[in-house]
Amino acid sequence: MRHIPTLVRRELGAYFLAPMAFLILLAFQVIAWFNFWELVDGLSRRQQSFSSVRDPLNSYLSQSIPFWIGLLVAIPALTMRLLAEERRSGTVETLLTAPVTETEIVVSKWLAGVFMFLVLLLPFAIYLPFLYYQAKFYFDPGPLLSLGIGLTTLGMMFVAIGLFFSALTRNQIIAAIWSFAVLFLFVFMTLLLYFYAVGQRLEWAEGVRFVAVLLQVQSFGLGRLDLRYVALHLSVAVFMIYLTVKVLQSRRLA
Amino acid sequence: MIQVDRLTKRYGSFKAVNGVSFSVGRGEIVGLLGPNGAGKTTTMRILTTFLGPTSGRAALAGHDVLDEPLEVRRKVGYLPENVPLYLEMRVREYLLYRAKLTDVPRSRRRAAINEVITRCRLGDVENRILGHLSKGYRQRVGLAAAMVHDPDILILDEPTAGLDPIQIREVRALIRELGDRHTILLSTHIMSEVEAVCGRVIIIAQGRIAVDQPLERLRSESLIVLEARGPGDAIRHGLETVPGVERVQPTHTDGDYAAFEIQTRDGADLREELAQRVNQNGWPLRQLDIRRSTLEDRFIQAVTRETISAEAELEAV
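If you read the protein sequences in the order shown, they are chains P and F.
Read in this note's numbering, the first sequence has 186 at position 186, and its numbers run on one by one without any break.
Read in this note's numbering, the second sequence has 122 at position 122, and its numbers run on one by one without any break.
It is possible that some hints are incorrect.
[Said to hold, decoys possible] Among chain P residues calculated to face chain F with C-beta under 8 Å, some are: (1) ARG10; (2) THR91; (3) THR94; (4) ALA98.
[Claimed, not checked] So the derived label-pair ranges between C-beta atoms look like this: (5) ARG106(F) / MET189(P): 48 to 54 Å; (6) LEU253(P) / ARG128(F): 37 to 43 Å; (7) LEU192(P) / ASN127(F): 51 to 57 Å; (8) GLU126(F) / THR103(P): 28 to 34 Å; (9) GLU177(F) / ARG9(P): 49 to 55 Å; (10) ALA161(F) / LEU168(P): 46 to 52 Å.
Since the hints were derived computationally from the structure, they do not count as laboratory data.
All C-beta atoms in this analysis are idealised placements derived from N, C-alpha and C, irrespective of residue type, glycine included.
Starting from the given sequences, assemble the full structure and let the hints guide the process.
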């Protein structure tokens with residue numbers, strides 16, 4: 001495990017020496033700015049619409065459609081090159097013939113991806129001090145912390161899924177499309193399925209609610225730090241990392 | 001340093017490497033020669049633990065490639081075909097990254113990097129971005145990266161592919177220099193490269209070893225060409241029974257004349273004995289000549305022979 005700092009540093013270097021990371025970051029900054037504008041607008045019209053103001057931070061971040069669409073596009077874009085690019089350019093051959101284990105490589109790439117995911121959330125955090133100190137909107141930092149933890153573990157899971165698909169192909173586009181499809185199922189299809197199940201009064205509605213990512217994040221945003229969700233995210237992440245390691249090792253079989 | 005025993009690698013039903021065995025001693029520079037698709041790269045990938053063999057064993061510096069891959073990787077420096085590099089990095093930065101990955105101790109890293117920069121003559125470009133370097137420089141950076149941890153064994157896959165003649169000469173000189181400290185296995189499909197650099201040649205064709213000989217012996221081999229008038233089979237039999245003759249190959253017939261290529265043991269010059277035998281039987285002799293075979297002859301011979309036997313095998317199936 002002693003090679004991980006070296007590998008992570010190289011991975012982050014690759015992100016920031018290419019325009020990709022900056023473009024995604026810029027897009028997120030635009031989304032954050034737009035959401036913040038909406039939030040301030042909503043707060044200033046307090047009397048008219050109560051529904052979104054009751055829970056302003058959730059509507060700022062976790063319930064905003066642009067944020068989720070941005071996330072669904074950004075995570076595949078960040079993870080697609082992690083292993084697919086190494087395979088396409090052949091550098092995987094130099095990497096896997098250095099005295100480094102497959103686990104070290106996969107964990108390093110995953111850590112770099114998670115770090116980039118957290119960097120993506122920074123544009124949203126930038127506006128919060130203004131809201132607190134300048135606009136004197138004294139929101140409760142507790143739910144914000146629980147939302148932060150929830151989004152972090154969610155990111156760990158999503159990045160692990162993206163990394164897995166990146167290991168399967170040498171074509172970045174294919175990796176991105178597969179990760180997008182799976183993340184889309186996780187975020188939107190579970191939600192639709194949940195609404196359907198509730199509408200039909202089916203007993204498995206509760207089960208779907210548990211895996212519906214959007215509802216999980218809403219719950220985190222309300223300040224409920226549900227450890228079952230954290231456990232779910234982390235176990236999926238560990239499982240996907242394990243599968244990715246196995247994919248890399250499989251080349252030496254047969 | 002390198003022991004390979006009946007190594008086989010299958011891709012589905014295709015045998016890329018088929019029962020290859022050879023061994024390389026310390027300090028040898030061995031050229032793995034073969035046409036494209038002969039199994040050179042696959043063999044090297046197995047030796048560097050990038051791929052696993054379907055069957056057979058291989059050990060480098062006493063460590064088995066399947067049982068102790070990390071030990072093998074510590075002892076081996078590998079330059080893959082086409083020299084893959086992280087093009088966004090700078091030369092010195094990349095070498096430092098490789099030094100860290102290959103466990104060069106912190107106190108020795110600086111010295112190790114300076115040494116490979118000097119040996120590979122990268123001083124002029126050490127702070128340039130890899131993506132901006134010419135192919136020749138990239139090749140040298142790849143070599144420098146392969147040897148930064150001072151491995152016992154260097155495995156180089158087509159180290160001069162795509163270089164211009166001057167760069168080729170430089171890289172070859174570098175490889176010869178490295179030969180005094182490292183055991184080197186290099187692959188190529190360029191005959192003159194083997195002659196310029198290697199002490200021994202292994203010709204590989206259709207996944208099999210066709211020739212494995214020191215270059216000295218290959219050079220001394222010769223072929224006698226004989227043409228005489230008479231019944232072909234009788235002449236052939238007559239020639240085969242001359243002591244020292246290994247193989248008689250009929251090449252063509254021209255009316256009453258039959259021509260043969262004769263291989264002798266250790267390349268001995270048996271022209272006089274052969275002439276005597278032909279005269280004794282009263283076959284008029286039209287041509288008798290000795291040809292020193294070049295590496296190229298041997299290569300073409302080996303490769304076409306393998307191709308023919310592989311085709312025969314296919315037809316038999």
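Results of checking the hints against the structure:
For ARG10(P), the shortest C-beta to C-beta distance to chain F is roughly 6 Å, which falls under 8 Å, so the interface hint holds. With 8 Å as the threshold, the beta carbon of THR91(P) comes within range of chain F, its nearest partner Cβ sitting at about 4 Å, so the hint holds. Contact between THR94(P) and chain F, as hinted, is supported at the beta carbon level, the nearest pair being about 6 Å apart and thus within 8 Å. Because the smallest distance between the Cβ of ALA98(P) and any Cβ of chain F comes to about 4 Å, under 8 Å, the interface hint for this residue holds.
Remark: the range hint 48 to 54 Å for ARG106(F) to MET189(P) is upheld by a beta-carbon distance near 50 Å. Range check, LEU253(P) to ARG128(F): about 40 Å between beta-carbon atoms, so the 37 to 43 Å window is met. For the pair LEU192(P) and ASN127(F), the supplied restraint of 51 to 57 Å holds, since their beta-carbon distance comes to about 55 Å. For GLU126(F) and THR103(P), the Cβ-Cβ distance of about 33 Å falls inside the hinted range of 28 to 34 Å, so the restraint holds.
A hinted range of 49 to 55 Å is violated for the C-beta pair GLU177(F) and ARG9(P), which are about 33 Å apart. Between ALA161(F) and LEU168(P) the beta carbon distance is about 29 Å. The supplied range of 46 to 52 Å is therefore violated.
Against the hints set out earlier in the document, violations occur for numbers 9, 10.
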